[in-house]
Amino acid sequence: MSEATTSTETTAGTFEPRIQAFVCNWCTYTGADLAGTSRIPMAPNVRIIRLPCTGRIDTLFILKAFERGADGVIVSGCHPNDCHYAAGNFHARRRFAVFRELIDFLGLDPDRITFSWVSASEGKKWSEIVNDTTERIRRMGPFSAYRGLAGRTP
Amino acid sequence: MKELQDLAAKLLAEKTVGLVIGWEQGPRGARPAFVADPKDAGRLIFDNRCVHNLAAYLSPRRPHLRGFGRIAVAVKGCDVRAVAGLVRESQLKREDVVLLGVRCGGVHDEPTDAGPLTAENLADRCVGCEVREPPRCDHVLGELPPAPPSRDGRRAGRIAELDALDHAARFAFWRQELSRCVRCNACRQVCPLCTCERCLADKTDPPWIESSPHTRANFAWHATRALHLAGRCVDCGECERACPAGIPLNLIGRKVAAVVERRFGYRTTDDPQVPAPIGAWKPDDGQEFIR
Amino acid sequence: MSGEGKKPPMDTDGHRYGKGGEEEKPQMDTDEHRLGEGGGATTRFLGRGDLEKLVAELLGAGTRVVAPVDAGKGETEYRVVGQFTDAKLGAALPRRSLKEFFLPPTEELFRWRRDGAGLELQEAPASFPATVILGAFPCDAAAVQTLDKVMGWDYRDDPWFGRREATTIVALACNGQDGSCFCTAVGLGPDAARGSDLLLTAVRDGYEVQVLTAKGAALVGRHAARFAEACDEDPARNVRREACTRVSSNLQATPEKIRGWLQANFEHPIWKGIALRCHGCGACAAVCPTCHCFDIVDEPEGLAEGARRRNWDTCQTPVFTLHASGHNPRADQNARIRQRLNHKFRIYQERFGELLCTGCGRCARACPGGMDLPELLGALEKLAVSAPVPVPASAPVPAPAGGAFIPPPGGAR
Numbered sequence: 003m004s005e006a007t008t009s010t011e012t013t014a015g016t017f018e019p020r021i022q023a024f025v026c027n028w029c030t031y032t033g034a035d036l037a038g039t040s041r042i043p044m045a046p047n048v049r050i051i052r053l054p055c056t057g058r059i060d061t062l063f064i065l066k067a068f069e070r071g072a073d074g075v076i077v078s079g080c081h082p083n084d085c086h087y088a089a090g091n092f093h094a095r096r097r098f099a100v101f102r103e104l105i106d107f108l109g110l111d112p113d114r115i116t117f118s119w120v121s122a123s124e125g126k127k128w129s130e131i132v133n134d135t136t137e138r139i140r141r142m143g144p145f146s147a148y149r150g151l152a153g154r155t156p
Numbered sequence: 002m003k004e005l006q007d008l009a010a011k012l013l014a015e016k017t018v019g020l021v022i023g024w025e026q027g028p029r030g031a032r033p034a035f036v037a038d039p040k041d042a043g044r045l046i047f048d049n050r051c052v053h054n055l056a057a058y059l060s061p062r063r064p065h066l067r068g069f070g071r072i073a074v075a076v077k078g079c080d081v082r083a084v085a086g087l088v089r090e091s092q093l094k095r096e097d098v099v100l101l102g103v104r105c106g107g108v109h110d111e112p113t114d115a116g117p118l119t120a121e122n123l124a125d126r127c128v129g130c131e132v133r134e135p136p137r138c139d140h141v142l143g144e145l146p147p148a149p150p151s152r153d154g155r156r157a158g159r160i161a162e163l164d165a166l167d168h169a170a171r172f173a174f175w176r177q178e179l180s181r182c183v184r185c186n187a188c189r190q191v192c193p194l195c196t197c198e199r200c201l202a203d204k205t206d207p208p209w210i211e212s213s214p215h216t217r218a219n220f221a222w223h224a225t226r227a228l229h230l231a232g233r234c235v236d237c238g239e240c241e242r243a244c245p246a247g248i249p250l251n252l253i254g255r256k257v258a259a260v261v262e263r264r265f266g267y268r269t270t271d272d273p274q275v276p277a278p279i280g281a282w283k284p285d286d287g288q289e290f291i292r
Numbered sequence: 047m048s049g050e051g052k053k054p055p056m057d058t059d060g061h062r063y064g065k066g067g068e069e070e071k072p073q074m075d076t077d078e079h080r081l082g083e084g085g086g087a088t089t090r091f092l093g094r095g096d097l098e099k100l101v102a103e104l105l106g107a108g109t110r111v112v113a114p115v116d117a118g119k120g121e122t123e124y125r126v127v128g129q130f131t132d133a134k135l136g137a138a139l140p141r142r143s144l145k146e147f148f149l150p151p152t153e154e155l156f157r158w159r160r161d162g163a164g165l166e167l168q169e170a171p172a173s174f175p176a177t178v179i180l181g182a183f184p185c186d187a188a189a190v191q192t193l194d195k196v197m198g199w200d201y202r203d204d205p206w207f208g209r210r211e212a213t214t215i216v217a218l219a220c221n222g223q224d225g226s227c228f229c230t231a232v233g234l235g236p237d238a239a240r241g242s243d244l245l246l247t248a249v250r251d252g253y254e255v256q257v258l259t260a261k262g263a264a265l266v267g268r269h270a271a272r273f274a275e276a277c278d279e280d281p282a283r284n285v286r287r288e289a290c291t292r293v294s295s296n297l298q299a300t301p302e303k304i305r306g307w308l309q310a311n312f313e314h315p316i317w318k319g320i321a322l323r324c325h326g327c328g329a330c331a332a333v334c335p336t337c338h339c340f341d342i343v344d345e346p347e348g349l350a351e352g353a354r355r356r357n358w359d360t361c362q363t364p365v366f367t368l369h370a371s372g373h374n375p376r377a378d379q380n381a382r383i384r385q386r387l388n389h390k391f392r393i394y395q396e397r398f399g400e401l402l403c404t405g406c407g408r409c410a411r412a413c414p415g416g417m418d419l420p421e422l423l424g425a426l427e428k429l430a431v432s433a434p435v436p437v438p439a440s441a442p443v444p445a446p447a448g449g450a451f452i453p454p455p456g457g458a459r
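Protein chains in written order, with this note's numbering: chain A, 3 to 156; chain B, 2 to 292; chain C, 47 to 459.
Bound-form chain A, shown alone (with noise of 0.2 Å):
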């Protein structure tokens, strides 16, 4: 994890993404530890950051995962009507909605941002939201284009 923690280009020239993922405590981060324990290989690209639910994910968060150097997003709770609280998921799901599409039309790519319902059970399918995730983000290159926005005045 080292040289993904501090930077986005390791020295060796090649890039590294990093990826910040936010997740709902009851089902995905139960599915990532799930995948953690069953030793199932990942990409080591994806630093977690668990709330109590995909309600309690505010767009801002991703927005400020980019600005702070993140160069991918993934977003994951329970699968609907598995909510600990019976119905975050499905407000979250809303406001999820119409943030892809908002940013979209601003012109930033929503592929930055994998949105996925993971349950405690899926450590498999975690693991694939991680790799596919990586690789995806990858190919897209740091997203400096944003970060990079606050540039000196001349």
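Careful, some of the hints might be misleading.
Said to hold, decoys possible - With a Cα cut of at most 25 Å, we get these calculated BS3-like pairs of lysine-lysine:
| id | chain 1 | residue 1 | chain 2 | residue 2 |
| --- | --- | --- | --- | --- |
| 1 | C | LYS261 | C | LYS134 |
| 2 | C | LYS303 | C | LYS195 |
| 3 | A | LYS66 | B | LYS204 |
| 4 | C | LYS428 | B | LYS40 |
| 5 | C | LYS134 | C | LYS99 |
Claimed, not checked - Computed list of chain A residues with no C-beta within reach of chain B, every gap over 10 Å:
| id | residue |
| --- | --- |
| 6 | ILE51 |
| 7 | LEU53 |
| 8 | LYS126 |
Note that these hints are calculated values from the structure, not bench results. Glycine included, C-beta positions come from ideal geometry on N, C-alpha and C.
Since chain A is already given, all that's left is putting chains B and C on it; use the hints.
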């Protein structure tokens, strides 16, 4: 107009209200008017330059307008949607305000524009508007005007053009537009639905939205504002009119409204009982973007 | 970097401009505002074709040229131009003033980078591109000179003066824009020379050029072939006189009387109804050539580095004065508009001997709520004339008036 002036004078004289908010002739075209003395009611006007959405003054963020007691406010048909938004979100009690609905056949873009409405000079939001008669008002005033001249919506055309571009080209467009934003907050302040007592953008610890007006922070600000207004924006166009940098903010608002309508079958309404779409949900909402 | 220095005592509204002794006051300029009335400036003639060639020469030499350019809907903006034909000289007053070329809306002061226990600081570049501002409006050029006072007051603002020194301002006498212009009421005029290095006046086939400063003379000297020696000054003088008359008819005011009235009437009932239509946005301050308040923030970038930036700020928002305790000394929008008027027409004058307003009228044009500074000044002028007060250095503040609602001054001025 006489009808509006007389009613305002009467409401003030009998102390039904302590303040009437309407429009008057200012040094630069029409502008908001504040009448507390029945003798001043003669200042009130209504014509096609009265573009301002006066519901903004009903927001709880304006302590200098409290203290007048009940307020009567003049509203066009479209402005009623903003009042309904405030009532829906418990920012205003319907009984605390007297709505003076004015029958409207469309307005100009700017309060300084003058002359009869044509297809050319009509405000874009008035294109295709069918609300001549303001709904849910306490009084409805004025003669029934003809429908606004018809033409194609310019913003809809512009949005379609942008949608047809690739990400890089759209990004270049918005980077150029948003680079001019100096975060004066005029868009937020004139918005009748931006009612938060403390705006997210004013929070400094942590600074959720960077306060510097560089383009990155401007993206975060305008994206967040648009999202917070999803399903709430009443398309009064005040943000774009107020913007001293001339940024086409309406394009963002309209785009989001179109997304909300397509996905959730919802349009902003003058009925305060209908719940807003963000905050509500359906089990079968589309999730084609979720793995 | 923080440059706190000594804090002068607070006055009634908590602003930081103390009433210091004479020695604290900066040297006042003895500039004449109206040229052509005994000013000793040299004049030249610049033909239209020569102006185009001049711009090409400047650009060829790597000088940055800023001029009003078309911004759609009949409006213009000052922008860096790549060729002469981009410039739209003498058209509409640009949407925003010149101040952003000296005090950008956001500006990096330095960057930091943490490396283990170490901290590395990187100062912002201290050199600025050589710039010529062509077709500046006299109200905007004057504002820059007015702001030199506060920028060089208790702390010399290096980025401000760095950009000032790198920039030559070539103003073009204005014809007056519309009914919101009131430069003549604040001691300037559509032909004011203040703050400009060269002042052009459009005459047939070209421009009369008044050379006002050494910097202006240097520019003329470097491009001597472009400037003809003599110019018949009468046509230019007539053009300027007509413009002055036009603008003067918008508003007559005596700033000195208004200042005295403001000094004595901090609690006057007019303030209680002054800002009902004001939305409390900062559009007026954003477009104002003289509003110069800024905020300083530290913004992290990535995990171990970040930048300290300073950004435009405005007294029109509640957070400008909000205390950590939750108390806000300026309770509502009425108090904020009172502050704006006081700062522009009393406080800055007391501190620096100048009005913090050049009468460009942008605030009135930009206001979404129809607040109108020339109208308010007209109303204050009436009050000041009808109830003149002596102008002592510090008049006692009268007791607070009752809560009577005074409708905002209405009607045409």
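Structure versus earlier hints - violations, ascending order: none
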